[in-house]
Structure formats: structure tokens, C-alpha cells
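Position chain H against the provided structure of chain X, taking the given hints into account.
Top to bottom, those sequences are chains X and H. So the first sequence is numbered by my numbering: it starts at 72 and just counts up by one. So the second sequence is numbered by my numbering: it starts at 163 and just counts up by one.
Worth flagging that the hints you see were computed from the coordinates, not collected in a lab. Even for Gly, the Cβ is constructed at its ideal location relative to N, Cα and C. Worth double-checking, as some hints may not be accurate.
Residues on chain H that point at chain X, a partial pick, calculated with CB under 7 angstroms [to be verified]:
1) T240
2) L291
3) E299
4) G316
5) M320
6) A322
Computed beta-carbon distance windows for the label pairs [claimed, not checked]:
7) H:A377 to X:G191: 32 to 40 angstroms
8) X:Q254 to H:D209: 53 to 61 angstroms
9) X:G191 to H:G280: 17 to 25 angstroms
Which stretches of chain X does chain H cover? Using the computed rule of at least three CB atoms under 8 angstroms from a CB of chain H, they are [to be verified]:
10) 115-126
11) 130-138
12) 146-155
13) 201-207
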Amino acid sequence: MKRLSRDEIAQRLARDIPEGAYVNLGIGLPTKVGNYLPADKEIFLQSENGVLGMGPAPAKGEEDWDLINAGKQAVTLLPGGSYFHHADSFAMMRGGHLDICVLGAFQVSQHGDLANWHTGEPDAIPAVGGAMDLAMGARSVYIMMELLTKDGRSKLVPECTYPLTGLHCVSRVYTDYAVFEIQPGGVVKVIDDCSGAGQEELLKLTGLPLVFD
Amino acid sequence: MAMVTRREDDSLKAGTRGRLSTLPAVIADMINKIVSTVQEAVAGIKDGSTVLVGGFGGAGQPLALIDALIEQGARDLTIVNNNAGNGDTGLAALLATGQVKKIICSFPRQADSHVFDGLYRAGKLELELVPQGTLAERVRAGGAGLGGFYTRTGLGTMLAEDKEVRTINGVDYLFELPIVADVALIKAKTGDRWGNLIYNKTARNFGPVHATAAALTIAQVDEVVSLGELDPEAVVTPGIYVKRIVRVQSQEAKG
Numbered sequence: 072m073k074r075l076s077r078d079e080i081a082q083r084l085a086r087d088i089p090e091g092a093y094v095n096l097g098i099g100l101p102t103k104v105g106n107y108l109p110a111d112k113e114i115f116l117q118s119e120n121g122v123l124g125m126g127p128a129p130a131k132g133e134e135d136w137d138l139i140n141a142g143k144q145a146v147t148l149l150p151g152g153s154y155f156h157h158a159d160s161f162a163m164m165r166g167g168h169l170d171i172c173v174l175g176a177f178q179v180s181q182h183g184d185l186a187n188w189h190t191g192e193p194d195a196i197p198a199v200g201g202a203m204d205l206a207m208g209a210r211s212v213y214i215m216m217e218l219l220t221k222d223g224r225s226k227l228v229p230e231c232t233y234p235l236t237g238l239h240c241v242s243r244v245y246t247d248y249a250v251f252e253i254q255p256g257g258v259v260k261v262i263d264d265c266s267g268a269g270q271e272e273l274l275k276l277t278g279l280p281l282v283f284d
Numbered sequence: 163m164a165m166v167t168r169r170e171d172d173s174l175k176a177g178t179r180g181r182l183s184t185l186p187a188v189i190a191d192m193i194n195k196i197v198s199t200v201q202e203a204v205a206g207i208k209d210g211s212t213v214l215v216g217g218f219g220g221a222g223q224p225l226a227l228i229d230a231l232i233e234q235g236a237r238d239l240t241i242v243n244n245n246a247g248n249g250d251t252g253l254a255a256l257l258a259t260g261q262v263k264k265i266i267c268s269f270p271r272q273a274d275s276h277v278f279d280g281l282y283r284a285g286k287l288e289l290e291l292v293p294q295g296t297l298a299e300r301v302r303a304g305g306a307g308l309g310g311f312y313t314r315t316g317l318g319t320m321l322a323e324d325k326e327v328r329t330i331n332g333v334d335y336l337f338e339l340p341i342v343a344d345v346a347l348i349k350a351k352t353g354d355r356w357g358n359l360i361y362n363k364t365a366r367n368f369g370p371v372h373a374t375a376a377a378l379t380i381a382q383v384d385e386v387v388s389l390g391e392l393d394p395e396a397v398v399t400p401g402i403y404v405k406r407i408v409r410v411q412s413q414e415a416k417g
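With the rest of the complex left out, here is chain X (with noise of 0.2 angstroms):
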């Protein structure tokens, strides 16, 4: 067995990405996938605040602070792409015209619960951003992480235990371990067993009823 790093995982979900998809790439893990989407398709990323067919990163030195994504780093803009405000960009998500959004995960329930936003711990303060959205509005919702929290609990879970993100939104869960499909009815299906990790160990691991291929 051998688990995929962070760059691999989002190798990985950058493969099932079609050609002419809609993507939105929420900020932290999942902007990695931006670096390995393949050169001979056409893309379009989407940015919440304003911008859809985005670019890679400038060149350093030729950075534009008025264009930059939602972690506030600065890209660029393809031929044909676009800006809109804000008001837009988030009518474009809730409208269901993205056909993808990869999201970071703290947990994700068997049932397509994500929780993601907040740890629920009493001093720390909450921030969600554009999460909410997102989870809410884009056609399917693929979440980037690693399987494990550091003390090696499941992040898939029965149930959430952190405050929620949305309901019953999350369609794939990209892991470095293995990539798992949400289905009706709370079946978590493995789709790609990735890291050779084998069935008995991510039953173990998951403590899930998983289904197999």
C-alpha cells in the first residue's frame, strides 16, 4: 500500500474532471487541482468573487492585485474569460450552473453531510465564507482530504460532529487512501481503491459498511 500525497490526490481528481466542465476550486487543498488540470482540455474555473475561465498564477513580479481568487492569491484571466460581481457569482452557484466544486473537509457523513467550516470549539471563530454556497448550488460537490484526522480517527463518519455545511450534498470524497462515491440511501461506495490499501483495511479504517466494485 502506498497513500497518495496531497499533490496525488488532486492529480487524481483532476483526471475526473471533463472538458468543459464548470469547476469552482475552493480555497486551500483543493486549488492544487488548478496545477495538474490537463493542457489539452478546456475548463472553465470558476471564482466566487467574480470570475469564471481564471488562470494560473502570475509569473512572480507580475502579480495584479485586483485580480486575484478566493484565497486571495493572485491569477490570471484566460482569452474569454470573464467578471462579474458578487451577487452574480453566487447566483451562478445556487442556480446549479457548476457542474463541479472541490471543497476541504473536516468530516463527511455516509450520508453526503459536509461539515467544513467551523470546529464548533467554543473560542474559536467561525468564518464561512463562500462554503455554504458552494455545497448548496454546484451539480456535484467533490471533497479533497486525507482520510485521517492526526490521531488517526476516520474523517468519514456516520454522522458529522462538527457544525454542519450543508445537507446531503457531497457526491465523491477524494482521499489519500482511497476515492469513495456518496449514494442514495447512506452507501458509501469505493470507486478507486487508489492506494492499494485493500478492502479489510478501509472497512477497518472507516468503520463504515463500505461497498466495493
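Below, chain H without anything else, positioned relative to chain X:
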């Protein structure tokens, strides 16, 4: 028909403005929303005002207007912005003065939000946390004269507490109220004396939405052009929404 008899001095000079230059030469008081200083731009903002502030992080943040508001000194303000200030300038500097009692935003906590963090933890600043798209739509609804809207965003989360849930065509939605404000402070790239605005790239963000929802919308712009120079097909904020424009030197805003 006073409106159509007003005309541009510069359009006469150029002689290329078509219909306007053929009208009788009656000079009425010209509508001029351009003010010459940021102090004039923020004059009259009252204590207790709700102020919509444009910008997403640094992009589109009207730094000169915020600095002028600090100098002007209105207190007990409620600020609406996506964030709660970065570093020690702009919105963060305004928070640091103690002029703000409440902030309505989606993403206060950032690597460099130490001013907000300190005030919030000390209980000196009230926070209303709103999902980003709901925030934009609440302001849009305010500007559009709507009494609110139903959205799926936030359903089943702790941000749905105490909100009405309604089932429409078999789908549950949360009811969200509009936001209307006394003042909007926004940054645009170019404006004209009628208040028409265009923006620069992703610095557009909340600007056009905020512009619609305040009784007094004030824009700082990098440049002012004569009427007719902005392509009417490309005007993003029509002048009806804007009361005052002030040109300020372009400020580099990072991150």
C-alpha cells in the same frame, strides 16, 4: 425637458457627440456628482449608520474613503463587508478606532485579521456571520426593494437557527432578510459626473451590489472621464445609484 438641454462643454469642443451638440445652447445647472476631496465625499455620515464597504480582502477595498471615515469620526457604525479587515490598514484600521459596534460579514478570520480577532475576543465587536452568497443576495434584495428571499444555503446548519423554513415545490428553503444601508463606500476604476461606474477585474466584487442598497453611495475612482466616454454597453453601475464620486490616486492593495 430640462434634462435634454443640458450638455457637455467638452462635447461642444469636440463636436463629435452627435445629438447633444445639435441641441439649443441652454446651460442649466449641471448634475455633477464629482467632489474634490475625500473629506467632502464622506461628509455627513452620521453616528449609528449602517455602512456597506466594498472589497474582497484588499481587492476593491475603498481605502481612501475608509481613511476619510476614520478622520470624520462617525461612531456606533454597523459595517457590512465580506471580511473583517486585513493587516492594520483600511477596514482593520477603522475597527481599531472603536468606531464600529457591529460587523456583518462572511469570512472574518484570516491569517492577518488580528485587529478583528482581538476586538471580537474582548467582546468589543458584535459579529453577524452570513454565508457569502447570502450576504451578497441580502444586499441585492435590499437594493432591489425586495422583502427578502428563500435560499437553500445554510439549511440544516447552525446559521439557520431561528430562520423560517418553507417548502417550495418539494424543496426546503431558508428565508433571509434584505440589508439596506445608510451609506455605501465602494471603489471603482472609472466614473463620470453622472455617477456611472466601471470596475477593474475582480476588484468589482461587491461594489455594484453595495451601490444599489444605500441611501448615500460614495465611490472612489482611479479616473474621471467626460460623459459619453464610458461605453454605455459596458457601464456596470448606472449613475442612478451613485451620489458622490471622488478621484484618488490609485493605491496598491495586496491580498
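Quiz prompt | Three-residue Cβ test at 8 angstroms for the coverage of the stretch 201-207 of chain X by chain H | solution = holds (count 5)
Self-check item: When the least beta-carbon distance from H:G316 to chain X is tested against 7 angstroms, hint result
Solution: holds, 5 angstroms
Quiz prompt | Interface hint outcome for H:A322 [beta carbon to chain X under 7 angstroms] | solution = H:A322 check fails; min Cβ-Cβ to chain X is 9 angstroms, beyond 7 angstroms.
Practice problem: Look at the Cβ atoms of X:G191 and H:G280 and judge whether their distance stays inside 17 to 25 angstroms. | Solution: Between X:G191 and H:G280, where Cβ atoms are some 22 angstroms apart, the hint holds.
Exercise. Let me know if the C-beta of H:T240 comes in closer than 7 angstroms to any C-beta of chain X, holds or violated.
Key: violated, 19 angstroms
Quiz item: Can we keep the H:M320 interface hint, with Cβ of chain X closer than 7 angstroms?
Solution: Hint holds; H:M320 Cβ to chain X Cβ min 5 angstroms, cut 7 angstroms.
Quiz prompt | Proximity test - 8 angstroms, beta-carbon atoms, the stretch 146-155 of chain X to chain H, at least three hits | solution = With 3 residues in contact (Cβ-Cβ under 8 angstroms with chain H), the coverage given for the stretch 146-155 of chain X holds.
Quiz item: Does the stretch 130-138 of chain X contain three or more residues whose Cβ lies closer than 8 angstroms to a Cβ of chain H?
Solution: holds (count 4)
Self-check item: Satisfaction of the hinted span 53 to 61 angstroms by the C-beta atoms belonging to X:Q254 and H:D209
Solution: Roughly 57 angstroms apart at Cβ, these two residues keep to the hinted range, so it holds.
Practice problem: For the hint on H:E299, just tell me whether its beta-carbon gets within less than 7 angstroms of chain X. | Solution: For H:E299, the interface hint holds, since the closest Cβ of chain X sits about 6 angstroms away, which is under 7 angstroms.
Quiz item: Taking the beta carbons of H:A377 and X:G191, is their distance inside 32 to 40 angstroms?
Solution: holds, 39 angstroms
Quiz item: Are at least 3 residues of the stretch 115-126 of chain X within less than 8 angstroms of chain H when you compare beta carbons?
Solution: holds (count 5)
In this structure, the hints that do not hold are numbers 1, 6, in rising order.
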